[in-house]
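**Q** Each chain, written out:
Protein chains: 2
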Amino acid sequence: MPPTSPKSESPSDIRLDIRSGRMTNVTSGLAEGYVQANLVILPKSLSFDFLLFCQRNPKPCPILEVIEPGLIDPHLTCSGADIRYDVPLYNIYRNGKLSETCQSIEHVWSDDLVSFLIGCSFSFENALKQAHIPLRHQEMKCNVPMYKTSIPTVTAGIFSGPLVVSMRPVKRSHISKAIQVTSRFPDTHGAPIHVGSPISIGIADLTNPDYGDPVTILDDEEPVFWACGVTPQAAAIVSKPELMITHAPGHMLITDKTDNDFSIF
Amino acid sequence: MPPTSPKSESPSDIRLDIRSGRMTNVTSGLAEGYVQANLVILPKSLSFDFLLFCQRNPKPCPILEVIEPGLIDPHLTCSGADIRYDVPLYNIYRNGKLSETCQSIEHVWSDDLVSFLIGCSFSFENALKQAHIPLRHQEMKCNVPMYKTSIPTVTAGIFSGPLVVSMRPVKRSHISKAIQVTSRFPDTHGAPIHVGSPISIGIADLTNPDYGDPVTILDDEEPVFWACGVTPQAAAIVSKPELMITHAPGHMLITDKTDNDFSIF
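If you read the protein sequences in the order shown, they are chains A and B.
The first sequence begins at 30 in the numbering used here and counts up by one.
The second sequence begins at 30 in the numbering used here and counts up by one.
Please keep in mind that the hints were generated in silico from the structure rather than gathered at the bench.
Careful: at least some of the hints might be erroneous.
The list cannot tell twin chains apart, which means a pair is met if one copy fits it or any two copies do.
Claimed, not checked - 27 angstroms max Cα-Cα, derived DSS-like pairs, lysine-lysine:
| hint | residue 1 | residue 2 |
| --- | --- | --- |
| 1 | K200 | K286 |
| 2 | K73 | K200 |
| 3 | K269 | K158 |
| 4 | K126 | K73 |
| 5 | K269 | K73 |
| 6 | K206 | K73 |
| 7 | K200 | K269 |
| 8 | K88 | K269 |
| 9 | K286 | K88 |
| 10 | K269 | K126 |
| 11 | K170 | K286 |
| 12 | K200 | K170 |
| 13 | K170 | K73 |
| 14 | K126 | K158 |
| 15 | K88 | K200 |
Assemble the whole structure, with the sequences as input and the hints as a guide.
**A** This is how it looks when you write it as structure tokens:
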């Protein structure tokens with residue numbers, strides 16, 4: 030089903046802009062109504078552990094597609110895309126350290142690598158806007174703020190680490206609606222995991238996010254926290270896999286699937 | 030959260046009855062409100078393929094827990110249970126053939142085996158009954174009828190095969206409610222995959238199920254089909270893994286988790 034208000038540029042057009050290097054920015058607000066994806070690429074030897082990590086932590090890591098060893102085409106969600114070029118910015122972690130940020134991963138690609146596409150909260154933002162819930166980071170033309178929390182993920186094999194959340198300020202009178210709307214999309218993080226009181230989930234200072242940009246919170250709003258697909262990057266730092274390639278936070282793969290394709294009702 | 034109308038026997042009591050051999054029957058209607066699980070046990074070498082098969086086929090194969098190689102305790106869903114004894118009846122498939130049906134798998138257990146617990150539609154039956162939707166197979170005191178369909182699953186590694194469904198007759202005026210109620214439980218197969226016309230999903234004769242028992246359908250009812258956790262057993266026959274141990278259809282592992290633990294709203 031096509032989204033209700035598609036922008037003129039299709040996901041494949043935008044991916045081509047990204048592949049050619051013309052577009053290197055965050056992807057929030059692009060191709061509205063289409064599902065965006067977090068990316069994690071790992072050596073095959075770690076693929077069972079990571080798939081199990083995702084299964085045990087479905088709120089931060091809802092799997093949209095797994096691309097088998099050495100394959101570059103996400104044929105279930107965006108056939109014709111190339112996982113090596115079609116994300117605006119990649120992070121490469123080696124032994125738990127961010128070693129490189131780059132626009133292509135051609136130089137590190139090998140037939141041993143398995144790619145995981147993980148749902149992204151950007152893809153329910155269109156549904157929030159249709160419900161007349163404004164998005165502060167889009168109003169401020171910046172990246173959504175993301176924070177490491179004191180909530181641990183469930184360990185699987187070598188993978189563990191803190192839950193990372195994204196935060197959107199929501200008017201108190203809109204909180205029920207925001208929860209209802211996002212509950213329809215469990216594959217893109219679903220309902221919030223926490224409303225209000227950042228300190229009680231270990232976030233000391235909302236003005237200082239671990240990833241992305243800070244946003245203004247108004248007097249009639251509460252900060253609302255959704256599980257975030259950057260969680261595997263926090264796990265990379267704790268778990269120290271020899272190699273983990275990811276998107277840079279906010280710089281997502283835009284798929285051909287619509288939000289409606291993944292809504293559960 | 031405890032279920033609203035717990036029966037007197039707890040899941041752990043029933044598991045002990047099963048372990049001792051006192052209880053070898055189907056588990057539908059037992060420990061109402063508690064989640065029951067389908068079981069699949071495979072050699073470690075096939076565990077990534079099978080976990081990916083489940084991820085790609087979440088309606089028939091929603092994973093509740095994966096128990097790592099050689100471990101016997103499902104510590105996330107029913108700590109203290111023993112995967113080798115606590116299912117009333119097991120099926121053992123070798124190279125695609127059902128080679129043995131037995132009350133324990135002690136004789137084939139090894140440290141190389143990984144166990145997968147998969148959600149079961151029995152666990153939303155309590156919610157259907159609370160919504161005043163009667164369950165014909167429970168009224169008839171038999172096993173729910175299950176059918177292989179003409180709908181293919183999505184292949185992963187060696188695993189492929191037909192989607193298996195369970196069928197419950199539902200009064201036409203109750204169909205909306207039945208869909209709404211079961212939509213709340215995606216981890217136990219969620220909403221139906223098909224309503225009415227069995228032939229259009231490849232089921233020629235409802236009176237002759239592939240697994241379980243036939244049930245009566247009344248004039249004011251339609252057959253309603255839910256994806257079924259017996260799907261991996263159909264995949265075993267097609268995919269011929271050297272060894273796959275499962276529960277016998279209808280003979281489930283009863284966990285300590287309640288339906289409410291897995292409801293999404």
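**Q** For every hint, state whether the structure bears it out.
**A** Outcome of the hint check:
When the C-alpha separation of K200 and K286 is checked against a cutoff of 27 angstroms, the pair qualifies neither within a copy, at 30 angstroms, nor between copies, at 35 angstroms. In this assembly of identical chains, K73 and K200 lie within 27 angstroms of each other by CA distance neither inside one copy nor across copies; the values are 45 angstroms within and 49 angstroms between. For the homomeric pair K269 and K158, neither the shortest alpha-carbon distance inside one copy (38 angstroms) nor that between copies (49 angstroms) is at most 27 angstroms. When the C-alpha separation of K126 and K73 is checked against a cutoff of 27 angstroms, the pair qualifies only within one copy, where the shortest distance is 20 angstroms, while the shortest distance between copies is 30 angstroms.
For the identical chains of this complex, K269 and K73 are neighbours both inside a copy (15 angstroms) and across copies (23 angstroms), given an alpha-carbon limit of 27 angstroms. Proximity of K206 and K73 under a CA criterion of 27 angstroms is satisfied in neither setting, with 41 angstroms inside one chain copy and 44 angstroms between copies. With identical chains, the CA atoms of K200 and K269 are never at most 27 angstroms apart, being 39 angstroms at best within one copy and 55 angstroms at best between copies. Within a single copy, K88 and K269 get their C-alpha atoms as close as 22 angstroms, which meets the 27 angstroms cut-off; across copies the closest is 34 angstroms, which misses it.
Both within a single protomer and between protomers do K286 and K88 lie at most 27 angstroms apart by alpha-carbon distance, with minima of 19 angstroms and 18 angstroms respectively. For the identical chains of this complex, K269 and K126 are intra-copy neighbours only, at 8 angstroms inside a copy versus 42 angstroms across copies, given an alpha-carbon limit of 27 angstroms. For the homomeric pair K170 and K286, the shortest alpha-carbon distance inside one copy (25 angstroms) is at most 27 angstroms, but the shortest distance between copies (44 angstroms) is not. Taking CA atoms no more than 27 angstroms apart as the test, K200 paired with K170 passes inside one copy only; the shortest distance there is 19 angstroms, against 52 angstroms between copies.
Proximity of K170 to K73 under the C-alpha cut-off of 27 angstroms is found in neither arrangement, the shortest distances being 38 angstroms within a copy and 48 angstroms between copies. Proximity of K126 and K158 under a CA criterion of 27 angstroms is satisfied in neither setting, with 37 angstroms inside one chain copy and 53 angstroms between copies. With identical chains, the CA atoms of K88 and K200 are at most 27 angstroms apart within one copy only, with a shortest distance of 23 angstroms there and 35 angstroms across copies.
Against the hints set out earlier in the document, violations occur for numbers 1, 2, 3, 6, 7, 13, 14.
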